[in-house]
Amino acid sequence: MRMISLVLLLSLFSTGATADLLKAEKPEFLPVDQAFELQPVETKDGKLTVAWRVTPEHYLFKVRLNFASQSPGLKLGAIKLPKGKPYKDELLGDTEIYDSDLRVSIPATGTGTLKVTYQGCAKKGLCYPPQTREFNVSVAPKKKLA
Amino acid sequence: MNFRSGFLAILLCLAAGTGGYALQSYWLGDTPAPVLTADIRFTDLEGKPHTLADYRGKLVLVNFWATWCGPCLVEIPLLVEARKTYGARGLQVLGPAMDKPDAVRAYRDKAQLPYPVFAGDSETAAAMDALGDKLHGLPFSVLISPTGEVLHRQTGEFSREELKQLIETHLK
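Which chain is which? The protein sequence lines are A and B, in order.
Residue numbers 35 to 180, in this note's numbering, belong to the letters of the first sequence in order.
Residue numbers 264 to 435, in this note's numbering, belong to the letters of the second sequence in order.
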């Protein structure tokens with residue numbers, strides 16, 4: 035009986051240990067919307083703000099961010115992107131990335147559809163295809179101080 | 264416990280461990296589920312259609328990639344090396360890209376890829392789905408047996424040792 039108990043105990047241990055050992059070598063990757071959580075677009079005082087929660091160990095490419103109006107009624111002003119972190123990419127060479135939460139404010143007026151395009155990767159060696167999301171927005175002009 | 268029963272216990276542990284791992288892997292989805300790979304289609308850079316059935320009889324490594332994917336470009340030299348080392352023993356590498364044909368053509372010519380490459384966003388995404396990908400992240404690779412069964416799925420880059428071990432395990 036003691037012998038059987040010992041065998042069962044060791045079996046359970048070896049099962050878990052072997053599985054954990056083999057699984058530990060494989061990185062776990064997230065779906066793109068968990069890696070880069072795009073927040074609802076904020077509109078206030080003549081500007082709209084697009085923000086991402088960037089999960090640790092992931093990054094977005096600065097050069098792959100794009101914002102465009104899809105409607106004649108929505109006008110976008112000049113877009114100034116925040117400074118990114120210098121990064122050397124196999125294809126892009128010296129470029130900039132965002133590896134923490136990102137907010138981009140864009141001067142805008144009117145109502146219509148905003149198209150947002152972005153692309154990023156996991157630092158453990160996986161890249162996600164370019165993503166496109168559309169938002170219907172209405173931006174009131176900036177209030178003038180009385 | 265004498266020597267004989269101790270030895271028996273160790274053997275039982277190993278058997279139970281291996282069996283347990285296989286079951287756990289199956290439940291967790293590591294063991295590839297059977298997939299009908301024959302009908303999966305790709306279009307080459309000259310617009311000619313191909314199916315995986317065209318490569319029956321070979322051990323096929325399908326490597327999904329793109330020119331915009333840094334880790335894919337890091338991994339490609341390993342695939343080129345594998346094709347050169349194991350091609351004569353029956354390894355076929357295929358490179359469907361989630362990319363524009365012009366970009367893929369330019370990269371293929373520059374890197375002198377010694378295996379067929381294909382291009383097309385929706386077709387490549389459909390093939391990835393059919394082969395069991397859940398993330399649409401790249402690189403994504405699938406090893407398919409000469410009879411068309413999925414042997415292994417890999418999300419993310421291979422290391423040189425990992426790829427060598429995988430191919431040598433399955434190459435007869």
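There's no promise every hint is true.
[Claimed, not checked] In silico EDC-like pairs for lysine to aspartate or glutamate, Cα to Cα no more than 20 angstroms straight-line: (1) Lys81/A to Glu168/A; (2) Lys157/A to Asp133/A; (3) Lys158/A to Asp396/B; (4) Lys397/B to Asp67/A; (5) Lys157/A to Glu412/B; (6) Lys397/B to Glu412/B; (7) Lys157/A to Asp302/B.
For the record, the hints were derived by calculation from the structure and aren't laboratory data.
Quick caveat, the model's predicted, so the values are computed rather than measured.
Is the Cα-Cα distance between Lys157/A and Asp302/B 20 angstroms or less?
It is violated: about 34 angstroms lies between the C-alpha atoms, which goes past 20 angstroms.
For Lys81/A and Glu168/A, compute the direct alpha-carbon distance and say whether it is at most 20 angstroms.
With Cα atoms ~17 angstroms apart, Lys81/A and Glu168/A stay inside 20 angstroms; holds.
Is the straight-line distance between the alpha-carbon of Lys397/B and that of Glu412/B 20 angstroms or less?
Roughly 18 angstroms separates the two Cα atoms, so the pair holds.
20 angstroms Cα cutoff - pair Lys397/B, Asp67/A:
This hinted pair holds, its Cα atoms lying about 13 angstroms apart.
For Lys157/A and Glu412/B, compute the direct alpha-carbon distance and say whether it is at most 20 angstroms.
violated (31 angstroms)
Proposed proximity, Asp396/B with Lys158/A (alpha carbon, max 20 angstroms)
holds (18 angstroms)
Under the criterion that the straight-line Cα-Cα distance not exceed 20 angstroms, is the pair Lys157/A, Asp133/A satisfied?
holds (9 angstroms)
When each numbered hint is compared with the structure, violations occur for hints 5, 7.
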